[in-house]
Amino acid sequence: MHFNNTKPFHVSEAELVRQCKKGDLKSQQRLYDLFSDRFYRLAFRYVKDQAEAEDVVMMAFVKIFTNLQKFTWQDAGSLEAWMRKILINEALMALRKKHNFYLTETLDVENPVHDSEIFQQADAEYLYGLILELPDGYRAVFNLFAIEGYDHAEIAKLLNITESTSRSQLYKSRQLLIRKIKQEGLHYGT
Amino acid sequence: MEPETTLTQKIRTVEQKPVHWKKAEVWFAIHEQISTTQKSYRFYYYAAAVIFFMFFNVYKLTIGNELIQDNSQLFPTLNRVENQNEAPETRVIDYNNITYTQPDPIKHEHQIPVAVMVKNETVDFDHEIDETSIQPTLDDPIANTVETVTLNQGVQPIIGVILVPVNNTVSVKPKRKKLLHKLESIENEFDGSPQNTIVIARIK
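Taken in order, these protein sequences are the chains called S and W.
Okay, so the first sequence: first residue is 6 according to this note's numbering, each after it adds one.
Okay, so the second sequence: first residue is 12 according to this note's numbering, each after it adds one.
These aren't lab readings, by the way, just hints derived from the structure by calculation.
Here a beta-carbon is modelled for each residue, glycine too, at the ideal position from N, C-alpha and C.
Incorrect hints may have been included.
Stated by the list, open to error - Straight-line alpha carbon distances no greater than 25 Å define the calculated SDA-like cross-link-like pairs of lysine to any residue that follow: (1) S:31 with W:48; (2) W:34 with S:67; (3) W:34 with S:137; (4) S:53 with W:35; (5) W:28 with S:42; (6) W:28 with S:82; (7) W:33 with S:85; (8) S:162 with S:94; (9) W:34 with S:60; (10) S:31 with W:51; (11) S:90 with W:26; (12) S:185 with W:17; (13) S:185 with S:131; (14) S:53 with W:16.
Stated by the list, open to error - Pair by pair, the computed Cβ-Cβ distance ranges are: (15) W:53 with S:128: 45 to 55 Å; (16) W:63 with S:90: 31 to 41 Å; (17) S:187 with W:48: 43 to 53 Å.
Excised from the complex, chain W in its bound form (with noise of 0.2 Å):
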């Protein structure tokens, strides 16, 4: 369409002329606009930043517990290593004589040792002890023997003595024996002289 054509580029080619207008003020609109929208967009982007890292740390934090649980149920001897630094205080009872250790359950109730039932015999004060004999070393190899266990949390443990149940129960009605011996009259072997003479008389 020839006509057309012509007709868009003399509008054109009188567009391009410049005029008198508010050019500055507008581009001032312009770049108040753009840096206005650009802060909205930024502070946007720095709020999604925040919440993702503050849940992303929630999440490290949970996992990471879950996994040093894990850990210390995969690899107790790591833990042992660990609470190699602060032993637990251990309490003494005394039972019929014989003293059982025990930790504090409040303190460690999380880990308790296996063998934690040390039964230590009672010792005549008398009786010396040769020192060097008992000192423990850190190359004992009884030492090294105590593993760990890991309890759930919130169980605590219960350690005491189970005695051996003694058996008092009487039978109300006691079996009778049947006497062997044939019961005679004592008119057949009473003589006369009854000091020497034993009776079993059955009374009715």
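Bound conformation, chain S alone (with noise of 0.2 Å):
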């Protein structure tokens, strides 16, 4: 089998999920083949470890196909949000089997100050590795508010933790990322 992400796609999103509707493979590969990478990726930056990583695809993509009916595309970015959505459950859930986050230690923060221009300068692939680094469950919660946009009292609902455990959960994180980020000098990048 050969992926190739640098063919054109002529097929419309539209036109291809409602072919993957009626179950072509070809058409599901092609869906495959477009957002795998993104999504491996993905999944990564949340259970950081490349088998679990993959399982956390497989089983997304197998939700993503199987409940493929009850989506309604509406324009171009909402088929990759609601992928990205399944995605980031599964990640979750994967998480939660090796992490409990109610066990997480919670501090009152009521004003976090963050020192957002660090990673404004800071090179992409840089922060990524970063992010990585964080422990479980700064990074799970990193990674929604920062990067997904999700509020507080949506991750408390997600991962089953208080909003004041998501707010100081949020706030350790970034002070993590900004010493290591004045430790070792900022990286310049994209």
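From these two lone chains plus the hints, build me the complex, please.
So this is what it looks like as structure tokens:
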């Protein structure tokens, strides 16, 4: 089997979804080909293990193809957003097996102050690596809040923790990242 | 939130870069999983369809039998036409020199013609019968008047002769009529010639 990401995608996303709903194997493979790489790296950012990330991608795509009938295509980003939600849920399920978010300590953080300029100036690959070095609990909350855009209420619901725990986890993860960037020096790039 | 948006964009840009991982193996695993799921779903659909058709056929047969019975009651002439193909075997019963015909109740227990008790007078063997006069024809209006009725299943027809009961009961104490003639003493009537005299006497 040959996977080629550089091949131009002639079929529209809506048409691709329609073909996948019909059970067309080539369209399903095309959909997998389009999104699997970024989804693998997304899964890896949560579970930090190659085999586990592959399992997460596999389970997520099985769920995507099984539940595709329920999905209604709205606009260009709707399919990816829907698939991303499924993948994040799978990643969190995998993470919950080895990490208990409920036991994470909580700090009273009223107004977390973060040095956002450091994140702006840092190289993207370097930042990605730094996020991977965070502990599981911190990493999950940071990923969900700072990258995926969930609010604390949603994070609390997803991880079965309180909102204050989510806030304190986010604060600690930021502090850790900034400290590491300051220690190692800024890696300028993209 | 500007910095967060920048961070999100940075990370997503990184994630779009191709990396080396077991992409093909994962796809085979996904494909296998999907086909297994589809097969299991297909099996359940087929099983459900088979069960449905079985129940449907049983229901159809039951309803069909009931309709046939209802139709036979509503349209007896239809059954009469159908029964013309297989005529019931008749039994001949002889009773007091009068023969009665009776259909076989085992073979034709559902439908018995009303005019089944056809009285056939015994014919003297010496009597010559004009064969052409008694040959039944299909156009005979008498033959067409034979109606059929449907009896419920399991009811055996009882065909026989109702005899007029003979009242042989005799009263134990017969009524005695009172004699209108006055009985007189023999001495007054008897004049010596008893041969010519009827003696009516009561023995006490």
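- Looking back at the numbered hints, which does the structure fail to meet, lowest number first? Violated hints: none at all, because every hint is consistent with the structure.
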